Amino acid sequence: MTQSKQLGRRTFLLRGGAALATAAALAGLPFALRKELTRETSFELFSAEQRELVSAVQQHLFPKGPDSPGAADINAISYLEAAITAPGIDPDTRNTIVNGIGRLQDASRERFDVLFNSLEFGQREPLLRYLADETSWGRSWLSLLLYYVFEALLSDPVYGGNPGGIGWQWLEHQPGFPRPPADKIYGSL
Amino acid sequence: MTRDCDICVIGSGAGGGPVAMTLSEAGYSVVVLEKGPWFTEQDFFKDEIACCRRDTYSRNLREEFHVIESYGKNKSWRARPTYDAGPDLWNGNMVGGSSNLMSGFFHRLKPRDFRLLSEFGAIEGANIADWPIGYDELEPYYSLVEQAVGISGRVVDHPQQEPRSTPGFPFRPTAEHPVASWFDETCQQEGLHSIPVARAILPHEVNGRGGCQYSGYCGSYGCSSGAKGSSRAALLNRAVASGNCDIRANSHVYRLDSDASGRVVAANYYDESGSAQVVRAKVFVVACQAVETSRLLLSSRGPKHPNGLANNFDQVGKNLLFAATAGGTGIFPYADFDPDKAAALKVRGPFINRALQDWYTIDDEQVGSMKGGTIEFLFRHPNPISQANRQKWMKDRLLWGVPLQRKLKSYFIDARYLRFEVFCDWLPNDDCKVSLDETFKDKWGAPVARVKLGIHPHNLKTSRYLGSKGYQVLMAMGADSASWGVSSNPPVNLMAGGCRFGTDPKQSVLDADCRAHDVENLYVTDGSFMPTGGSVPYTWTIYANAFRVADKIANSMGARN
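Note that the protein sequences, when read in sequence, are chains F and R. Sequential numbering from 1 applies to the first sequence in our numbering. Sequential numbering from 1 applies to the second sequence in our numbering.
Simulated from the structure, these hints should not be mistaken for laboratory data. Keep in mind it's a predicted model, so treat the numbers as computed, not measured. A hint or two may mislead.
[What the hints assert, rightly or not] Listed below are the simulated DSS-like cross-link pairs for lysine-lysine, each with C-alpha atoms no more than 30 angstroms apart in a straight line:
{"no.": "1", "chain 1": "R", "residue 1": "461", "chain 2": "R", "residue 2": "443"}
{"no.": "2", "chain 1": "R", "residue 1": "392", "chain 2": "F", "residue 2": "64"}
{"no.": "3", "chain 1": "F", "residue 1": "64", "chain 2": "R", "residue 2": "346"}
{"no.": "4", "chain 1": "R", "residue 1": "452", "chain 2": "R", "residue 2": "110"}
{"no.": "5", "chain 1": "R", "residue 1": "407", "chain 2": "R", "residue 2": "341"}
{"no.": "6", "chain 1": "R", "residue 1": "75", "chain 2": "R", "residue 2": "452"}
{"no.": "7", "chain 1": "R", "residue 1": "409", "chain 2": "R", "residue 2": "73"}
{"no.": "8", "chain 1": "F", "residue 1": "64", "chain 2": "R", "residue 2": "395"}
{"no.": "9", "chain 1": "R", "residue 1": "407", "chain 2": "F", "residue 2": "64"}
{"no.": "10", "chain 1": "R", "residue 1": "407", "chain 2": "R", "residue 2": "392"}
{"no.": "11", "chain 1": "R", "residue 1": "409", "chain 2": "F", "residue 2": "64"}
{"no.": "12", "chain 1": "R", "residue 1": "443", "chain 2": "F", "residue 2": "184"}
{"no.": "13", "chain 1": "R", "residue 1": "506", "chain 2": "R", "residue 2": "552"}
Start from the sequences and build out the full structure, keeping to the hints where you can.
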C-alpha cells in the first residue's frame with residue numbers, strides 16, 4: 001500500500017488538543033493553507049505539550065548535522081500540523097499520530113518515571129529504538145512521523161516545509177517545473 | 001420519447017474521448033458524463049503532494065472504494081476494502097481520465113497478439129481467446145491515433161516491427177537522454193535490437209498544444225504544456241470546439257435504465273451537488289475503465305437484464321486483465337564513470353525512450369517456445385518524497401538520525417537509477433474478475449466492485465524469463481549492481497478485460513463492433529473489450545479501437561440529418 005492511499009481527502013476534527021494553539025500554528029503557514037484550514041468552523045491542533053513532544057521526537061529522528069538540515073530547519077512540526085489538519089486527511093493517519101503521543105509518554109514514564117521531554121539523548125534513543133523494534137504501534141508511529149519529515153524536507157516550499165528549497169539543495173534534487181503557485185496546491189484545486 | 005442527445009458517453013478517458021470527438025465532429029449531439037473534475041493545463045504543476053501523495057486525482061476512499069480479493073501467504077483468498085489496505089484502483093478521476101497521467105509509452109499490438117490462442121495454443125487454466133478482428137482492421141486506426149492524439153517517434157527495422165500503412169510517425173521523437181546511446185551501444189554489442197519507443201508526447205507546439213518542456217516529471221503528472229496526448233488535451237477539446245459536445249464533469253453515473261425491449265433508455269447520475277439527474281440518448285457508450293465499466297453494467301438491472309446489463313450469460317466482469325509483472329533497477333554510481341559520462345548520466349529532463357522486444361516470442365531450450373513480451377527501460381521516477389521514504393528501512397529495521405541522513409545523501413547524490421518494466425500477456429483466468437460486493441457499499445448506498453486478483457502461474461514463468469533478460473542488459477550497460485523481481489500482484493494502472501468482445505454471446509459480452517450482444521444501443525469502448533492484452537501497454541490500442549467503434553456507431557446511426 002502506498003502512503004498516498006493513507007491520506008484520503010476527508011474532513012475531520014482533531015480531538016484532544018488546545019484550540020488556543022490554532023492561531024499560533026496557522027501563523028507560520030502559507031496563505032493558501034491558512035485559508036484552507038480556516039474553512040473549518042472548529043478544529044484543534046496539538047496542545048503545547050504535545051507539540052513540544054512531537055517536535056522533540058522529530059528532531060531526534062532528523063537532527064541538524066554539519067551539512068544537513070534538521071527537523072527544526074524544515075519547519076517539520078508546523079508542516080505536520082498543517083498536513084494532518086488539512087481537509088481530506090485520513091482520520092486513521094491523524095489518530096495514529098495523536099494516539100502515539102500518549103503512548104510514548106506512557107512508555108517514558110514506565111521506563112524512566114519521567115515524561116519524554118525530560119529524557120537525555122542517551123535515554124531517548126534506546127526508548128525509541130525499543131518502541132520501533134519491539135512494538136507494532138511504535139514502529140507505525142515513528143515510521144509515519146518520519147514520512148511527514150520527508151514531506152517537510154522535500155515538498156514544494158509553498159506547503160510550508162523545505163524553506164527556500166533547503167531540502168532540495170541538501171540532496172541536490174532538481175525540482176520539476178512549473179512549480180505550484182499558492183492558489184493551486186492540494187486543497188485548492 | 002424525448003432525448004437529450006444522440007450519444008451519451010460515460011467516462012472521458014482513452015475509451016470515451018475518440019467517440020466523443022468523432023461523433024460530435026460528425027454532427028451528432030454528444031453528452032459526456034465524467035465523474036471527476038475538469039482540470040486543464042492551468043491546474044497541472046510539478047507538485048508531488050497534489051499529484052502523488054494525496055487524492056487530488058482520486059476519490060475519497062472512505063466514500064468510494066473497491067474490495068480487493070487477493071491470494072495471501074497463508075494460501076487462502078482474503079478480501080479487504082481499499083481504504084484499509086491494498087492498491088487503490090482509481091487511476092485518474094477527471095476529464096480525460098487516466099490518460100492525463102500516463103507516461104505515454106506507446107506500442108501497437110503485433111498481428112500475432114490478435115490470435116494468441118491460434119498461434120500459441122491453449123494453456124490449462126487460462127481462458128485464452130482469439131480476437132474477432134485482426135490487426136489489419138485496427139491498423140488504420142493505429143495510424144489515425146498517431147495524428148489525432150499526437151505520437152512522436154522513429155520507425156526502425158527490427159524483427160518485431162508490426163506492419164504500418166505509413167512510413168513514419170507524424171512527429172519527430174522527443175529529446176533523448178544521453179543514456180539512450182549507451183543503451184544502443186550495449187544492445188549492438190549483445191546482438192539485441194534497441195527499439196526507439198514512440199511516445200504520446202508532442203516534441204513541439206501543434207494546434208495550440210505546447211511541446212514537451214522536459215521537466216523530468218511526466219508519468220503520474222498532468223501535463224502543463226498540453227504536449228501529452230491525453231484524451232482531454234488531444235480529443236475532448238476538439239469535441240467541445242465542434243459545438244456538439246457537452247462535457248459534464250463531477251457527474252457520477254450509477255445506473256443505466258433499460259426498457260422492456262432491452263434497449264438502454266437513460267443514464268442516471270449524481271451531479272456535483274449530489275442531485276440525481278438523467279440523460280436520455282439513442283446510443284450509450286460506456287468507458288469507465290475496466291473495473292467500473294463492469295460494475296456499472298452489473299448494477300444496471302432491467303426487465304430483459306435481470307442479472308445486469310448485457311449479462312444474461314454471466315460474462316460481465318470475467319477475464320479481467322492487467323499488464324506488467326516484473327521489474328528491476330540498476331544502480332549507476334557516478335564515481336564509476338569518467339567525468340564526461342558522469343555528467344551525461346546526471347542530465348535531467350530528456351527521455352531514454354528505449355525498449356526491447358527480442359523476446360516477444362520466446363524460443364529457448366530451457367523454457368520452450370512461448371509468448372514473451374516487451375522490456376521497457378526508463379529512469380526511476382524523480383519524486384523525492386517517495387524515494388526518501390523508501391530509504392528509511394534497513395532490511396526490516398527503521399532508520400533515523402545520522403545513519404538515515406547518510407543513506408539519504410548517498411542515495412540522492414552518488415548514483416542514478418535505471419529501471420526496466422516487463423510487459424507480458426496477463427492470461428485471462430477465472431480468478432481474475434469483477435463482481436458486485438455483497439457487503440460493502442459506497443456513499444450512495446450502491447454495492448462497490450469486488451475485484452479478485454488472481455494471476456496465472458504461466459505469467460510468473462514468462463516474467464521471470466524476461467526479468468532475467470532485463471537484468472543482464474542493465475549489468476551489460478555498466479550498472480554497479482542490479483536487482484529484479486516478479487510479483488503476483490499486478491500494477492493496477494493498466495487494466496482491461498471484463499467485457500471481452502467475441503462472436504459467441506455465451507462466452508463474450510460484446511460483438512466484434514464492441515456492441516453488447518443483447519443490447520442494440522450499448523457499446524463499450526474502454527479496454528474492457530480486450531480478450532487478451534498483448535505484451536505491451538494498452539493505451540494506444542484502446543484509443544485505436546475507440547476510434548474504430550466510433551465509426552461503427554456513426555455507420556449504424558446513418559447520415560446525420
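We went through each hint and held it up to the structure:
1. This hinted pair does not check out: residue 461/R and residue 443/R have alpha carbons roughly 41 angstroms apart, beyond 30 angstroms.
2. For the suggested pair residue 392/R and residue 64/F, the alpha carbons sit about 17 angstroms apart, so the restraint of at most 30 angstroms is met.
3. Between the alpha carbons of residue 64/F and residue 346/R the distance comes to roughly 27 angstroms, so the proposed pair stays at or under 30 angstroms and holds.
4. Of the supplied pair hints, the one linking residue 452/R and residue 110/R holds, its CA atoms being roughly 28 angstroms apart against a limit of 30 angstroms.
5. Between residue 407/R and residue 341/R the alpha-carbon distance is near 24 angstroms, which keeps this suggested pair within the 30 angstroms criterion.
6. At roughly 15 angstroms between alpha-carbon atoms, residue 75/R and residue 452/R fall within 30 angstroms of each other, so this suggested pair holds.
7. Restraint check: the Cα-Cα separation between residue 409/R and residue 73/R comes to about 35 angstroms, which exceeds 30 angstroms; the hinted pair is violated.
8. Distance hint between residue 64/F and residue 395/R is fulfilled; the C-alpha atoms sit about 25 angstroms from each other, no more than 30 angstroms.
9. Restraint check for residue 407/R and residue 64/F: satisfied, since their Cα atoms lie roughly 15 angstroms apart, inside the 30 angstroms limit.
10. Straight-line distance between C-alpha atoms of residue 407/R and residue 392/R comes to about 8 angstroms, which keeps the hinted pair within the 30 angstroms bound.
11. Distance hint between residue 409/R and residue 64/F is fulfilled; the C-alpha atoms sit about 14 angstroms from each other, no more than 30 angstroms.
12. Taken as a hint, the residue 443/R and residue 184/F pair is honoured in the structure, with Cα atoms around 27 angstroms apart against an allowance of 30 angstroms.
13. A threshold of 30 angstroms between alpha carbons decides the hint, and for residue 506/R with residue 552/R the separation of about 23 angstroms falls inside it, so the pair holds.
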